[in-house]
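Number of protein chains: 2
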Amino acid sequence: MNKKILVVNGIERTLIVDQDALLSDVLRKQLHLTGTKVGCGTGQCGACNVIVDGKLVRSCVVKMKRVENRATITTIEGIGTALNLHPLQQAFISHGALQCGFCTPGFIVSAKALLDVNASPTREEVRDWFQKNRNACRCTGYIMIVDAVMDAAKVLRGEMPASNLEYKMPADGKVYGTCYPRPTSVAKVTGTWDFGADMGLQLPEGTLQCALVQPEVSHAIIKGIDTSEAEKMPGVFKVVTHKDVKGKNRITGLITFPTNKGDGWDRPILNDEKIFQFGDAVAIVCADTQEHADAAAKKVKVDLEVLPAYMNAPAAMADDAMEIHPGTPNVYYELNVKKGDETAPIMAKAAHVIEGEYYLQRQPHMPIEADVGFAYIDAQERVVVHSKSIGIHLHLYMIAPGLGLEPDKLVIVQNPTGATFGYKFSPTLEALVAAATMATGRPCFLGYNWYQQQTYTGKRSPFWLKLKLAADENGKLLAMEGDWSVDHGPYSEFGDLLTTRGAQFIGAGYDIKNIRSVGRTVCTNHGWGSAFRSYGSPQSFLASESLMDELAKKMNMDPLELRYINCYRPGATTPTGQEPEVFPFPEMFDMLRPKYKTALEKARTESTDTKKRGVGVSLGIYGCGLDGPDTSGAWAELLPSGDVMVGNSWEDHGQGADMGTLAFAHETLRPLDLKPSQIKLCLNDTSLVPNSGPSGGSRQNVVTGNAIKAACTLLLNAMRKADGSYRTYDEMVKEQIAVKHEGSWTTPSTHMDENSQGNPFCIYMYVLFMSEVVVDVTTGKTDVVKMTTVGDYGTITNRLVVDGQVYGGLAQGIGLALSEDFEDLKKHTTLIGSGFPFIKDVTDDMEILYVETPRPEGPFGAAGVGEGPLTSPHVAILNAIDNACGARIRSIPAYPEKVLAALKSPKKSFDVSDAVAGGYMSQGGIETLKK
Amino acid sequence: MNKKILVVNGIERTLIVDQDALLSDVLRKQLHLTGTKVGCGTGQCGACNVIVDGKLVRSCVVKMKRVENRATITTIEGIGTALNLHPLQQAFISHGALQCGFCTPGFIVSAKALLDVNASPTREEVRDWFQKNRNACRCTGYIMIVDAVMDAAKVLRGEMPASNLEYKMPADGKVYGTCYPRPTSVAKVTGTWDFGADMGLQLPEGTLQCALVQPEVSHAIIKGIDTSEAEKMPGVFKVVTHKDVKGKNRITGLITFPTNKGDGWDRPILNDEKIFQFGDAVAIVCADTQEHADAAAKKVKVDLEVLPAYMNAPAAMADDAMEIHPGTPNVYYELNVKKGDETAPIMAKAAHVIEGEYYLQRQPHMPIEADVGFAYIDAQERVVVHSKSIGIHLHLYMIAPGLGLEPDKLVIVQNPTGATFGYKFSPTLEALVAAATMATGRPCFLGYNWYQQQTYTGKRSPFWLKLKLAADENGKLLAMEGDWSVDHGPYSEFGDLLTTRGAQFIGAGYDIKNIRSVGRTVCTNHGWGSAFRSYGSPQSFLASESLMDELAKKMNMDPLELRYINCYRPGATTPTGQEPEVFPFPEMFDMLRPKYKTALEKARTESTDTKKRGVGVSLGIYGCGLDGPDTSGAWAELLPSGDVMVGNSWEDHGQGADMGTLAFAHETLRPLDLKPSQIKLCLNDTSLVPNSGPSGGSRQNVVTGNAIKAACTLLLNAMRKADGSYRTYDEMVKEQIAVKHEGSWTTPSTHMDENSQGNPFCIYMYVLFMSEVVVDVTTGKTDVVKMTTVGDYGTITNRLVVDGQVYGGLAQGIGLALSEDFEDLKKHTTLIGSGFPFIKDVTDDMEILYVETPRPEGPFGAAGVGEGPLTSPHVAILNAIDNACGARIRSIPAYPEKVLAALKSPKKSFDVSDAVAGGYMSQGGIETLKK
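Taken in sequence, the protein lines are chains A and B. Note that my numbering has the first sequence beginning at 1, numbered continuously upward. Note that my numbering has the second sequence beginning at 1, numbered continuously upward.
Just chain A, with the same shape it has in the complex (with noise of 0.2 Å):
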């Protein structure tokens, strides 16, 4: 511990530091300066970037001996701030180049230091630069952050006025479809937006520090769990097991169809009796600070009996397999799709037929930001946890018998979030932080880091799929067999539903009369399902997808002419047998159809001998909403002020719930002229506003968006005088006329029966993806040169945020296509080893194009659009790849290695080893060895 001087943000500070300490921790621990972000912790993110003497640094990874005495140091708020922007931030905002602005800070740090060592960058000096310095995001897709920078350093050059990057309201004064910023975006880009860990430095004096105990091991018996020497340790304010947690100490997965096998109570919250995967915990250690809480987590032991690990679907389903669950199968779900006539007759005499096997991998989210939350016991002594939740009701449910609170006594509360994608559909630590403060009395912080982020929070569920389409002479689809397995993890919850999503939209897009297929859920010991965005869809159109390419290529047929003959059309119907609510498909295609000849021709062109460029195209489609009826509330409140609070509970990845709570109450208020910032937002507080429902399957902007229109349509007809005019508050009060309406909204859709037949969604999301690739055929490796989409969202609420959203889908699904994994426990557990796309991996070229034909069901014609972008732009990748040199990849990531060896010897099938290759696991997905 020693005195050290730094000159931070141009202001002198003399600390007493740990030479060992790390600067950002110094930054946000002792100067409190949060507005460095702690992303990944190991210098691989860049959302804690500053400048330090001129050159940027991750701080994470800079410890305090290597920071010289009188250091100038540079943070994001030293760059601008709420109310002297710089035009760095303005130009983030007018771009709407930040979703959940966890990077943001890190990103407009980066974006300085390189304007001032290089004033006139070009877009490549600026990707070079991001990646060079490892600033990741993985909202954005990278384009609008680029699009930004150019913008502020023209600004900065005196080549523009500043006041172009100001957003400039309309005449009509409409907030609905106009690019106006999100509200959140001046917290954002100058560091003030406090997520978990920042609010967690915020928390009264006396909060305890979170430390998990987690055997790492896969599946074993827990024989004993010893506390005593860690309860010893200094600061040390109590060890927390399940024999503190006062209820069923299980999470329960609440959904579970009457024909699964299991109960959906088989997730611990501290677990008892087994360990089910890698990751899981068996006891909490809190204290003062996280260094002793951590310190003490190291001297609990666990004693263990390690039983064999079953790390894939095939290994579980194996006959001589143990029962993870003793008493539940491991295939513990199983679903048929039954549409029209017996499939196995028109197959045998179909004039085209056509099989393929695909794997699709654990995706694994990666947030920037690490799960995080806190506890404490309110004033109306209730259980509040603060967390990430995008489900705070529902998670409300899942957890409260677990901790054994009747539910008016548990709230929940989602914090500011560093994007989720999906995973905190599952709750994580919610429950783990209410126990704690239960068993303690205190509130209580637990914040994982990044290894902990990634091997202990859910996963897309990879699916083992078979399929099989039969077409007659001309193309035209007769019929459809599928088989897909999946591999849930040893947790339950939602799995049987992820099932239904292969009934739903394999070979979603085409008119198919006939189809039989079935689909199983299998308990294994990876990590557990949990959502991920556009839900069970990638796998899904992996198959359909790269299938149609397959039988286009055996037709000899052009794919997307293919796809054209049999999209939907008036009288076509889903695999679930409903009506498409609108057709926009031929359209879309013939707008994709020039731009795809274009880009046929360039690959025909450009091709060389080692480097092989190809176009691929692939459709997808995703519903809006939860399966089946799906309800959604909302209030709005005229305030004395003549303001209007609209409350809600649509939590916010980082996608836009602000935006869009904004958007659909301005438009439903126009009548009462408000400005936008008259329109207060009360947002994602069990104990303060109404179930929206989860933030999943983009729903929201459908369901909720209609809420906030009953409402506020509401509150409008209570207002409104005989003559039109509408009443003040005052005049409100005064007649005892109610300030306050609560609207919601049900969608007329229904559940699916025992053939998985059923309109479960009232409206869909329709999208074209064009891929054109280079793959360098003596390395293996695939540059994804352009993306290319038609989006149909129906009418767009916000386009700053439509497109984001579209851009960040693309991204993603180059990762997916290319990259990403979390299948090997040791490799796949940084940014860098799971094959996190950053800038580079991410083309700069993508267009974007929409139809916007208005939803019949969408309040003021919209659809959704999250899900919708990431549904199958991988396989229209995968299908360039085979476009360009003939190597159709079935199990993905397509790794460089699996590109080679498809162009060595090409194959239908391919076995486990093939698609978990690199993997962690013996043979057989077996894991018996210990580490």
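Among the clues, some could well be false.
Any copy, or any two copies together, can satisfy a pair, since identical chains are not distinguished.
[Stated by the list, open to error] Derived lysine to any residue pairs resembling SDA-like cross-links, with alpha carbons at most 25 Å apart:
{"no.": "1", "residue 1": "Lys786", "residue 2": "Ser834"}
{"no.": "2", "residue 1": "Lys154", "residue 2": "Asn84"}
{"no.": "3", "residue 1": "Lys476", "residue 2": "Asp590"}
{"no.": "4", "residue 1": "Lys65", "residue 2": "Thr610"}
{"no.": "5", "residue 1": "Lys299", "residue 2": "Gly441"}
{"no.": "6", "residue 1": "Lys63", "residue 2": "Asp378"}
{"no.": "7", "residue 1": "Lys55", "residue 2": "Glu124"}
{"no.": "8", "residue 1": "Lys513", "residue 2": "Pro326"}
{"no.": "9", "residue 1": "Lys154", "residue 2": "Gly224"}
{"no.": "10", "residue 1": "Lys55", "residue 2": "Tyr729"}
{"no.": "11", "residue 1": "Lys338", "residue 2": "Glu897"}
What the hints contain is simulated information worked out from the structure, not anything from laboratory work.
Mind docking chain B on chain A? Use the hints.
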């Protein structure tokens, strides 16, 4: 504990707060917005002012339950930042409207709130606003603050360009002698100048919070200390008592004259055998949080035998008084002045003889920032103490033996300091935090609350004075006899030194050839005596400058002219027989005379029956330096960048050590043509810089100014090439010439002899004061309506700094004359209770004139500043009261009731109860009542 959303500085923040928590704590400890300073903690000082929903509030008394959800809060951080200063901030800088900077954010926030509702306030409206909102400043005297607000308002109204507020460097690049703003200004106006409490919030995890156990009694025997119950309280790490202190457990006064009857080892670190005064600490509770420490401190049981407490010098000098320090007489030091001939014969035959008796109260320093500091063990195994110390090397040697540390194992660092005015010449909590850290091994933080600041830090020691003057028929002084008793409280440190000040300054300014006096230091049980600005001179001049007026009155002579004929001219000597180094008084009187005549005329014409206007003058003198030879060191180092770093221990109360160091270094280094920003300051860390001596006695500007000049000259000489040009850093290294040079300087002063004769200082400051007052003879209330001063401080180092020192000194003089006291242990424990001068107590009409006589020994001709303005302004006020209404006030402060009493029955002497009227004591000054 509940969730609360606050819109802070334009950004919505979600916090978890206790409803009983204070807003200031939430802002500082949870949101880490430490720009909001907490001074008194009781809503009396305005340092914590913030704007809540448009209304200015004192955040230290606002509980969170009174802050509405979604309240809009503006703190200093939201007004402007270093990169984007608000016009108010710029104006405070350019007007020098800040010294220590502790009250500055509160003033700026307050002014912002005013200008938000009144864009064009008059000066009086500004003053009314600050009065109403209790913005207290102890340093500046308010005028420069009002100037700044008026100018900022002009800029905000668009009547003046903002650039007018920016400092323009003169064409010659000179800094010395200009209005260059002090280097710490920007940090101070933006709230980023981190004081001890702010740094406390930036300490590493694991820092312990300390609470003192202070039995509330003034004199007692300690029979036992039981910490067992406290040790068991939540969060308690250790309760430290005298048993844990490794060394002698005493703070040594170091400087004791051989004739002192004490040994200087009388102040315990933690009291062990006796309680000597109210506030003495017997234990330190070290806990995880302040709340826990405070709660446990209440559980320490102290078994006491209460003794009679001697609360002033007459009581302690009584024959039957017990020895407070057994074995040492209560009168522990006595000195004699013998100059010239025996005085008795002269008195016997002089034309005019006059005598008087006077009492100057225990003036409290009343910094807005209470004492605060912390300690830790550094990587070199040294105990490092950070505090408000204004004598870091001095304190090191005063506390090391008591702690049981070798001096090289102790480091003292001065934190940014919210003013001391001298009380930090004594160590306060330095030894306590060091003892706590040594006993716990952990960093320990201790902050006094304002009550502790007032009751448990040193005070200005009361003097009980008797004085007699003889003059010839023309008023020429012939002889003086004096007797003074110094109530120094229970601890001897520097008490003998203070007593010598009477020998040096009673009668100073006049050529008195024959003096016989005696002074003594008395041990009492009231607040211990520590240094206070102008140390010993306000007491000295109270006697001689009052008596000069009485003499003039008796002679029916103009009091200014009586002074004029007696003042120092060549051939005169000081009371210690020294020849003054310069003789500016005649010129100064000539400057003042026309203003004095105008004032007299104004008083004559404007007096009414009930409101009597009067004019009073006084002179003051103070030496620059410690008594006798005084040495300072400094170094200058050429850095690789070509910048020069200057190191010294010129501790800063707020008086401007930063500016002084910069000005002297810049001026000396002018051949290098450095920009001011190229001179880096390394200040106030005993491990890094040489001993420049303490910041007291206006010595630093002279002694350290010369040392800086010496160091920079050595560096210049080393850099100079044969051709007169200067070597670069690289050239120096190449030629193996040292780049770091240490300079030192020692005054050519001598210690006084046994007759108190000698040349203790080589440079003096000379000041004249004129006060114009209005006395309401119906109430006795005195208003000071104008203060005029003519000062000779040598050449002026920085005009803003010197003006600020003068304004501030005059304000403290008004408080000293009329309202300030620390006598009553119940009443005098708050700012308001102690008579703190708020803005409306301090006239807005102050006129400052300078005579700049270069001092032969001064660096660039400079003398000191700080003490000059507080030598005798209070006496000018007392003389003006007498001039107005004939009431001669002999014991101050001149409360209205005292003025009324003096009007009713004038008397020449007084008893103890007159002097300490309204006090806490029972009669005779012996506290025997238990609370």
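Taking the hints in turn, this is what the structure says about them:
1. Within a single copy, Lys786 and Ser834 get their C-alpha atoms as close as 23 Å, which meets the 25 Å cut-off; across copies the closest is 77 Å, which misses it.
2. In the homo-oligomer, the alpha carbons of Lys154 and Asn84 lie at most 25 Å apart both inside one protomer (18 Å) and across protomers (21 Å), since each shortest distance falls under that limit.
3. When the C-alpha separation of Lys476 and Asp590 is checked against a cutoff of 25 Å, the pair qualifies only within one copy, where the shortest distance is 19 Å, while the shortest distance between copies is 115 Å.
4. Taking the closest pair of Cα atoms, Lys65 and Thr610 never come within 25 Å of each other, the shortest separation being 49 Å inside a single copy and 71 Å across copies.
5. For the homomeric pair Lys299 and Gly441, the shortest alpha-carbon distances inside one copy (23 Å) and between copies (23 Å) are both at most 25 Å.
6. Proximity of Lys63 to Asp378 under the C-alpha cut-off of 25 Å is restricted to the inter-copy arrangement: shortest distance 17 Å between copies versus 38 Å within a copy.
7. Proximity of Lys55 to Glu124 under the C-alpha cut-off of 25 Å is restricted to the intra-copy arrangement: shortest distance 20 Å within a copy versus 51 Å between copies.
8. In this assembly of identical chains, the alpha carbons of Lys513 and Pro326 never lie at most 25 Å apart, being 41 Å within a copy and 109 Å across copies at closest.
9. Within a single copy, Lys154 and Gly224 get their C-alpha atoms no closer than 64 Å, and across copies no closer than 75 Å, so neither meets the 25 Å cut-off.
10. Proximity of Lys55 and Tyr729 under a CA criterion of 25 Å is satisfied inter-copy only: 23 Å between copies versus 55 Å inside one chain copy.
11. Taking the shortest Cα distances, Lys338 and Glu897 never come within 25 Å of each other, neither inside one copy (39 Å) nor across copies (103 Å).
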